[in-house]
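Novice: The residues making up each chain are set out below.
Protein chains: 2
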Amino acid sequence: MNNTHLLAEFLAGLAYEDLPSAVLDRTEELFLDWLGSALASQGQHPIPLFQAWVRHMGPAEGSARILVDEGSSSPYFAALVNAASSHLVEQDDLHNSSVLHPATVVFPAALAAAQDLGKSGRELILACVAGYEAGIRIGEFLGRSHYRIFHTTATVGTLAAAVAVGKLMGFSAAQFIHCLGSAGTQAAGLWEFLRDAADSKQLHTAKAAADGLLAAYLTADGLSGAQNILEGAQGMAAGMSSDADARWLVDGLGTRWALSETSFKFHASCRHTHPAADALLALMQRHDLRHGDIEHITTRVHQGAIDVLGRVEVPQSVHQAKFSMGTVLGLIAVYGKAGLVEFEQHALNDAEVVALRGKVSMELDAEVDGAYPRRWLGRVQVRTRDGRTLAGAIDEPKGDPGNTLSRAELEDKFQRLLAFSAARTPAQGRELIARVWALRGLDDLHLIA
Amino acid sequence: MNNTHLLAEFLAGLAYEDLPSAVLDRTEELFLDWLGSALASQGQHPIPLFQAWVRHMGPAEGSARILVDEGSSSPYFAALVNAASSHLVEQDDLHNSSVLHPATVVFPAALAAAQDLGKSGRELILACVAGYEAGIRIGEFLGRSHYRIFHTTATVGTLAAAVAVGKLMGFSAAQFIHCLGSAGTQAAGLWEFLRDAADSKQLHTAKAAADGLLAAYLTADGLSGAQNILEGAQGMAAGMSSDADARWLVDGLGTRWALSETSFKFHASCRHTHPAADALLALMQRHDLRHGDIEHITTRVHQGAIDVLGRVEVPQSVHQAKFSMGTVLGLIAVYGKAGLVEFEQHALNDAEVVALRGKVSMELDAEVDGAYPRRWLGRVQVRTRDGRTLAGAIDEPKGDPGNTLSRAELEDKFQRLLAFSAARTPAQGRELIARVWALRGLDDLHLIA
Chain Y
1 MNNTHLLAEF
11 LAGLAYEDLP
21 SAVLDRTEEL
31 FLDWLGSALA
41 SQGQHPIPLF
51 QAWVRHMGPA
61 EGSARILVDE
71 GSSSPYFAAL
81 VNAASSHLVE
91 QDDLHNSSVL
101 HPATVVFPAA
111 LAAAQDLGKS
121 GRELILACVA
131 GYEAGIRIGE
141 FLGRSHYRIF
151 HTTATVGTLA
161 AAVAVGKLMG
171 FSAAQFIHCL
181 GSAGTQAAGL
191 WEFLRDAADS
201 KQLHTAKAAA
211 DGLLAAYLTA
221 DGLSGAQNIL
231 EGAQGMAAGM
241 SSDADARWLV
251 DGLGTRWALS
261 ETSFKFHASC
271 RHTHPAADAL
281 LALMQRHDLR
291 HGDIEHITTR
301 VHQGAIDVLG
311 RVEVPQSVHQ
321 AKFSMGTVLG
331 LIAVYGKAGL
341 VEFEQHALND
351 AEVVALRGKV
361 SMELDAEVDG
371 AYPRRWLGRV
381 QVRTRDGRTL
391 AGAIDEPKGD
401 PGNTLSRAEL
411 EDKFQRLLAF
421 SAARTPAQGR
431 ELIARVWALR
441 GLDDLHLIA
Chain H
1 MNNTHLLAEF
11 LAGLAYEDLP
21 SAVLDRTEEL
31 FLDWLGSALA
41 SQGQHPIPLF
51 QAWVRHMGPA
61 EGSARILVDE
71 GSSSPYFAAL
81 VNAASSHLVE
91 QDDLHNSSVL
101 HPATVVFPAA
111 LAAAQDLGKS
121 GRELILACVA
131 GYEAGIRIGE
141 FLGRSHYRIF
151 HTTATVGTLA
161 AAVAVGKLMG
171 FSAAQFIHCL
181 GSAGTQAAGL
191 WEFLRDAADS
201 KQLHTAKAAA
211 DGLLAAYLTA
221 DGLSGAQNIL
231 EGAQGMAAGM
241 SSDADARWLV
251 DGLGTRWALS
261 ETSFKFHASC
271 RHTHPAADAL
281 LALMQRHDLR
291 HGDIEHITTR
301 VHQGAIDVLG
311 RVEVPQSVHQ
321 AKFSMGTVLG
331 LIAVYGKAGL
341 VEFEQHALND
351 AEVVALRGKV
361 SMELDAEVDG
371 AYPRRWLGRV
381 QVRTRDGRTL
391 AGAIDEPKGD
401 PGNTLSRAEL
411 EDKFQRLLAF
421 SAARTPAQGR
431 ELIARVWALR
441 GLDDLHLIA
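Keeping their order, the protein sequence lines are chains Y and H.
Letter 164 of the first sequence, counting from 1, is numbered 164 in full-length UniProt numbering, and no numbers are missing.
Letter 252 of the second sequence, counting from 1, is numbered 252 in full-length UniProt numbering, and no numbers are missing.
Chain Y with its partners taken away, still in its complex shape:
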């Protein structure tokens, strides 16, 4: 029995009673964080394009809710739009060592299917934990070589979403194997779009969630899939990785809760910028530095940061600016934060931010690269106008499990996300918060949307 089968056995056997209360708590927290991310994108390009696609191709109403327009459609389309929505403003969660954004693919698929199937909050939580645990391990399994070319949240996201929906449907181990096969053979998503500020990042999560849901529904009806899609000679690792390690597939199953290792995003930018942003912020506070004092900033980073951020020179859109190390550090230096509002107002044309952007360079650092992807270390070196060289370092960016956001901070972030798009009023936000903190007792999941 290979490790994929052991993972499938674990997924089939996982019961709500197995979940530690800290995992239940964290799942609710990740869910609220995801919901805010989805609502924050209302009305922003390219989300209306996905909504128009649903109106053209999908049923005009259905069993599953579309968050941004408060409409509904079939679960396939609800998963599609909700997943596109929740990955736009770059505030959704990230798991470090898999470099997977689990929320934006797992929750849309699971929520849509749960609404369609009439499942409860408890069942939703169990399904999402299964999706996180499987997806994170599959991301770790495919390794750094995969992430160099492929957007792991797109590829692995398809399998994570499929597992979550399969768990809602009560799959056996054999069904999970088929489901992984049908999901894995649909797994796609290349980083190439990033250089052009193209809209593929939302297409990726939309398709991952929807295609994963498709894999699970068709499996339930009897579609068979490859029995060894991850490890086989013509499977995902063979085609899309050169450093896959199957031990990760079963790492600490039942004792290690990978979901709880997932980081919240504090800054509204690509997670690869956060360690440097926090290190710079700490350095500037410690030395009472102002942005005008800065001559140059060198960030010492892991290779993955260079692969993803290195292709963005002069950002052409607010979204692309979130992948510009210079822009993020510019916002931090000038405004002390890099939130949604700072990006919207200052990322592209603010003279001081643009000036700072040109003073930032990235250098590969052996220590940082060696720790990655398990730990995302922040190391910056600042040369000041008056000739000093200052060093800043942080070992756990804000939002990491050891430096997490409290429920109060998450509520604050949630309300800021809602306010950004005006998708819901603060009062509606408070009501949603209350429902999510009571998710494990909720019977009707339509109350969430």
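Source of the hints: derived by calculation from the structure; they are not laboratory data.
Check each hint, because a few of them may be wrong.
[As the list claims (entries may be wrong)] Residues from chain H that keep clear of chain Y, each with C-beta distances beyond 10 Å, as calculated:
{"no.": "1", "residue": "22"}
{"no.": "2", "residue": "172"}
{"no.": "3", "residue": "361"}
[Unchecked claim] Once the Cα atoms are required to be at most 25 Å apart in a straight line, the calculated SDA-like pairs of lysine to any residue come out as:
{"no.": "4", "chain 1": "Y", "residue 1": "337", "chain 2": "Y", "residue 2": "404"}
{"no.": "5", "chain 1": "Y", "residue 1": "119", "chain 2": "H", "residue 2": "56"}
{"no.": "6", "chain 1": "Y", "residue 1": "119", "chain 2": "H", "residue 2": "52"}
{"no.": "7", "chain 1": "Y", "residue 1": "119", "chain 2": "H", "residue 2": "49"}
{"no.": "8", "chain 1": "Y", "residue 1": "359", "chain 2": "Y", "residue 2": "341"}
{"no.": "9", "chain 1": "H", "residue 1": "119", "chain 2": "Y", "residue 2": "56"}
{"no.": "10", "chain 1": "H", "residue 1": "119", "chain 2": "Y", "residue 2": "52"}
{"no.": "11", "chain 1": "H", "residue 1": "119", "chain 2": "Y", "residue 2": "55"}
{"no.": "12", "chain 1": "H", "residue 1": "119", "chain 2": "Y", "residue 2": "49"}
{"no.": "13", "chain 1": "Y", "residue 1": "119", "chain 2": "H", "residue 2": "55"}
[As the list claims (entries may be wrong)] To be clear about the criterion: a stretch of chain H counts as covered by chain Y if any three or more of its residues have a C-beta under 8 Å from a C-beta of chain Y, and this derived list gives those stretches:
{"no.": "14", "stretch": "37-43"}
{"no.": "15", "stretch": "53-66"}
{"no.": "16", "stretch": "177-186"}
{"no.": "17", "stretch": "198-212"}
{"no.": "18", "stretch": "346-356"}
{"no.": "19", "stretch": "422-429"}
Please read all numbers here as calculations on a predicted model, not as lab measurements.
Every residue, glycine too, gets a C-beta built ideally from N, C-alpha and C.
Model the placement of chain H on the given structure of chain Y, informed by the hints.
Specialist: Just chain H now, kept in the frame of chain Y:
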């Protein structure tokens, strides 16, 4: 300007008047052949699963027709079901040097979109030529290393379908670039399923056609895509090929009509078995050999045949038997043909076929492998019970452009495909044939379904 851009310029500029009449003829022939393949699968697993998926997730009726059930839905779902259908019985066309089955991905997407957009037969033909020309060159570009792991019809099929739909929409070169970007970043499909006789082959074509259509519709609405999805540092070739050659992307644009190089399938099996099947048939006829005379058959093949067929030992389903060299040669030896009916009745449990199956081996042949994929040479060696060693060779399998099927043979094949599933009566078949032979003058494409 790179070769992807040159290809996009060609696609944007291509006009109906540019198409030689032989290309128009061949497009109609390929279309009829495709239509028969789709109808032949009515009622056969797993096609009803896709029909059920549409009923659950799609509109109950719509602008595009579903061939197998004579119902309708939105074009996304019609493309999905029709593409799954047309790749099941292994009778759809194949282009040799790209190892792409173009019909099963291009026609479903283009027909569904043309019905949705109210386009004519002429516009459909032009769009499909664009899809064939682009898809075949992209398949050639990605090379043999791609096909070793990835099912080219699934991956490249997504782009071919997208191009066909984009041409129906009158895309500019810039739009084609975006469209290729959004299609290429969805491209997926691994061969791993084949070993297990799993249902992924139909899932692959279903998704390729539907996702390609999605890419085109979203491009029309303004979704941007990567500008260099094929050749870029984090694009398809970088992630999914080790022998990509961009010269193929522009090979003979406007003078070489790759569509006309596409082969019709005579036997109802994987195309990799056809050269050996035809060589064996010729050898047996020449030497007046009977199947009982055969002690052993050695087929001398290209590596691609070993990669695809080598994973099937004892076939578990009729579909998997189509990928068993031993079964195909067994049917040829015992029944003189390997058509739909022979597979259905004799592929799995016929004692004489099973006995022959165990007497067939494949060996890599340098000459055959060197000619591949441009030419698919058939070389077999038969050892007889009475101690003779006989050699059989053919250089163009039946159905290849130099050994093609006449319109009469195509009509006969079409009626056999319809009779196999009873999807349409012979009289309805004759009516469809007449409409397809008049496709270039047809105004209402709903008459086809």
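Novice: Against each hint, give a clear statement of whether it holds in the structure.
Specialist: Hint by hint, here is what the structure shows:
1. 22: At about 36 Å from chain Y, residue 22 of chain H clears the 10 Å cut-off, so the statement holds.
2. 172: holds (17 Å)
3. 361: Fine: 20 Å to the nearest Cβ keeps residue 361 of chain H off the interface.
4. Y:337 <-> Y:404: holds (17 Å)
5. Y:119 <-> H:56: holds (17 Å)
6. Y:119 <-> H:52: holds (21 Å)
7. Y:119 <-> H:49: holds (23 Å)
8. Y:359 <-> Y:341: holds (23 Å)
9. H:119 <-> Y:56: holds (17 Å)
10. H:119 <-> Y:52: holds (21 Å)
11. H:119 <-> Y:55: The given pair, whose Cα atoms are some 21 Å apart, holds under the 25 Å limit.
12. H:119 <-> Y:49: Holds, at about 23 Å.
13. Y:119 <-> H:55: Within the cut-off at roughly 21 Å; holds.
14. 37-43: This one is violated; 0 residues, fewer than the three required, reach chain Y with a Cβ under 8 Å.
15. 53-66: holds (count 6)
16. 177-186: That given contact holds, which follows from 6 residues of the stretch 177-186 of chain H lying within Cβ reach (below 8 Å) of chain Y.
17. 198-212: Answer holds; 7 residues pass the 8 Å Cβ test.
18. 346-356: violated (count 0)
19. 422-429: Violated, because only 0 residues of the stretch 422-429 of chain H bring their Cβ atoms closer than 8 Å to Cβ atoms of chain Y.
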